[in-house]
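Chemist: Chain by chain, the residues:
Number of protein chains: 2
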Amino acid sequence: MTGEPDAGGSGGERDDGQDAILEANAAFYRAFAERDLEAMDRLWAREAPVACTHPAWTVLTGREDVLKSWEGILTNPDAPSIEVQDAVAHRLGETAIVLCREIVEGAPIEATNVFVLEGGEWRIAHHHASAIARFLVSRSVETDPFRDRRN
Amino acid sequence: MTGEPDAGGSGGERDDGQDAILEANAAFYRAFAERDLEAMDRLWAREAPVACTHPAWTVLTGREDVLKSWEGILTNPDAPSIEVQDAVAHRLGETAIVLCREIVEGAPIEATNVFVLEGGEWRIAHHHASAIARFLVSRSVETDPFRDRRN
Chain A
1 MTGEPDAGGS
11 GGERDDGQDA
21 ILEANAAFYR
31 AFAERDLEAM
41 DRLWAREAPV
51 ACTHPAWTVL
61 TGREDVLKSW
71 EGILTNPDAP
81 SIEVQDAVAH
91 RLGETAIVLC
101 REIVEGAPIE
111 ATNVFVLEGG
121 EWRIAHHHAS
131 AIARFLVSRS
141 VETDPFRDRR
151 N
Chain B
1 MTGEPDAGGS
11 GGERDDGQDA
21 ILEANAAFYR
31 AFAERDLEAM
41 DRLWAREAPV
51 ACTHPAWTVL
61 TGREDVLKSW
71 EGILTNPDAP
81 SIEVQDAVAH
91 RLGETAIVLC
101 REIVEGAPIE
111 ATNVFVLEGG
121 EWRIAHHHAS
131 AIARFLVSRS
141 VETDPFRDRR
151 N
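In order, the protein sequence lines correspond to chains A and B. Yeah, the first sequence ends on 151 if you go by the working numbering, and it's all consecutive. Yeah, the second sequence ends on 151 if you go by the working numbering, and it's all consecutive.
Check before you lean on any hint, since a few could be wrong.
Reference excerpt, derived from the structure (chain B facing chain A, CB under 10 Å, subset only) [claimed, not checked]:
| no. | residue |
| --- | --- |
| 1 | ARG35 |
| 2 | ASP36 |
| 3 | LEU37 |
| 4 | GLU38 |
| 5 | ALA39 |
| 6 | VAL50 |
| 7 | THR53 |
| 8 | PRO55 |
| 9 | HIS90 |
| 10 | GLY106 |
| 11 | PRO108 |
| 12 | ALA111 |
| 13 | VAL114 |
| 14 | VAL116 |
| 15 | HIS128 |
Source of the hints: derived by calculation from the structure; they are not laboratory data. Each residue gets a CB set at the ideal place from its N, CA and C atoms; glycine is no exception.
Using the sequences plus the hints, can you model the full thing?
Modeler: Okay, structure coming up:
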C-alpha cells in the first residue's frame, strides 16, 4: 500500500477486495510459470477490451492477438522462468491496478496489470511489462530518470 | 478502437466519453511537451492512488514522488522532445486505459495511461512507458516476442 490519503470516492476504495485482486494477480503469474494456457485464457477479461505490452514490444490489442501471444510464450520450450515480487493493488472501483516486480530469467521487469470485475471475478484487461535498467535496481528513488540515465 | 465485441456490463462502455478521455491524454502530453508543471500537477488524480513507471525505471508510487519525477523532467533543460500518436481509449466504467505511442527524441515508446473520473474530470492515475525494440517498430505483429527476439 502507498501512503496516499484515503479521500473516499471511487478512487479511495482500496481495502475491500485487496486479497482477491492480489490472488488474481498471483494466478496470472502461476499460469505463466506453469505454462498453463487454459488458466491464462480464463484469467483474461471477456467483456472488457484487452491489451498487452510485452517487454520492448509494441502493444497488442484484442483478446485473440493477446492470447495468441501467450500461447506463443507458454508453448515455447525456451519460455523464460518467472517469479513475482512486491505486488501492490490500487483498487479503483470495479477496476484495479496491480504494480509488481517480475524476475524473468533473473532480470528485473516492472509490471502494470489492470484487472476488471466481471461476474464477481477479477480478470486481467491489460498487462504492460518493461525491463528495468540494471543499475537502477538497488538504488533509491531519484527524481529525474532522464537526467540520471545520462550520468 | 479494437474489434472486441461490446458485451455490455462495466467493461463494455466504450463509446461514452471517448473524446473527453482522449483529450485528457492529449493534455498530459501537451503538459510534457510545453514543460508545464502546473498543468501536469492538475492532471494527476487527487483521490485515487497514483503511480508512474518511466522508461527503464522502477515504479514510483504516491503523488508526491510521482510529481517530483515530473518536476525533474520538466525543469531539466535537456528534457527530451515528445510527440504522441495512435491513442486509443478503453473505457472501463469510471476508469479508462489509454494506449498510445510516444516519440521521444525520435525513439518509439509504448505507453499505458490509466485515467479515473474525479469530480467529472478524467485524471491520470498511472503512467507506464517503455521503449520499443527498434527492429519491431515497422514489423507486423508476431505471436511470440520471446522466441522472436532471439532470432
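Chemist: It remains to establish, for every hint, whether it holds in the given structure.
Modeler: Here is how each hint holds up against the structure:
no.	hint	verdict
1	ARG35	violated, 12 Å
2	ASP36	violated, 17 Å
3	LEU37	violated, 13 Å
4	GLU38	violated, 17 Å
5	ALA39	violated, 19 Å
6	VAL50	holds, 7 Å
7	THR53	holds, 5 Å
8	PRO55	holds, 7 Å
9	HIS90	holds, 4 Å
10	GLY106	violated, 15 Å
11	PRO108	holds, 8 Å
12	ALA111	holds, 9 Å
13	VAL114	holds, 6 Å
14	VAL116	holds, 5 Å
15	HIS128	holds, 4 Å
Hints 1, 2, 3, 4, 5 and 10 from the list above are not met by this structure, while the remaining hints are.
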